[in-house]
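In order, the protein sequence lines correspond to chains A and B. Going by this note's numbering, the first residue of the first sequence is number 1, and it counts up by one from there. Going by this note's numbering, the first residue of the second sequence is number 119, and it counts up by one from there.
Keep in mind that the hints were calculated from the coordinates and are not lab data. Hints may contain errors.
Residues from chain B that face chain A, not an exhaustive set, calculated with beta carbons under 10 Å [to be verified]: (1) Tyr166; (2) Ala170; (3) Lys221.
For glycine and all other residues, C-beta sits at the position ideal for the given N, C-alpha and C.
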Amino acid sequence: AQKITQTQPGMFVQEKEAVTLVCTYDTSDPSYGLFWYKQPSSGEMIFLIYQGSYDQQNATEGRYSLNFQKARKSANLVISASQLGDSAMYFCAMREPLAQGGSEKLVFGKGTKLTVNP
Amino acid sequence: DAGITQSPRYKITETGRQVTLMCHQTWSHSYMFWYRQDLGHGLRLIYYSAAADITDKGEVPDGYVVSRSKTENFPLTLESATRSQTSVYFCASSEGLAGGLTKNIQYFGAGTRLSVL
């Protein structure tokens, strides 16, 4: 079974600085996908960025980029130029096949709470 | 507006009552999911559906019932609510199967915070 580990329960960053949120994973599948989601205090889960195991380049979406190191099984999220609105919980997730139906579920890490200070 | 919507956002009920949480998506996504989020357990899959009239159990299905008569709707029913079902419930949807080079991103609704007293 897939496993996601987020070792930073909380992180603090100054506004306008960059911050890296750490995610390591474990899987025996050669084909897999990694996701990052943001959960602000209002509660919704917002998709941020995706990295496929066969992608040649690290994913980027605006101020979000993924530092994907396949050999180390890490997929760290980098947020550049932090904003106050970036304060939230951040979850790393990985697809895991479901036994029936041919679908997949997401396996989530425990999350990292990011606080951006003014 | 396009997207995935859940209702109600907040619900308080009593043990033994039946409760239905609604989920509606406008993308015509094939797959829909129900997760619950609890401290210490993260998000866990309750039920999922591959298409209309096709549903299957996830990790924690006991005490829940789902149906999917239309592609866009995927209601979750707690037949007889218990205090252990106090949680935040998320509905999600995705286009279809992944594997290979397909992203198959799951998009989440805003969640329903359910309290069972």
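Going by Cβ atoms only, is tyrosine 166(B) closer than 10 Å to chain A? holds, 6 Å
Restraint: lysine 221(B) near chain A, CB-CB cut 10 Å. Satisfied or not? holds, 5 Å
For the hint on alanine 170(B), does the least C-beta distance to chain A fall short of 10 Å? violated, 13 Å
Figure legend: structure checked against the earlier numbered hints; the only hint not met is number 2.
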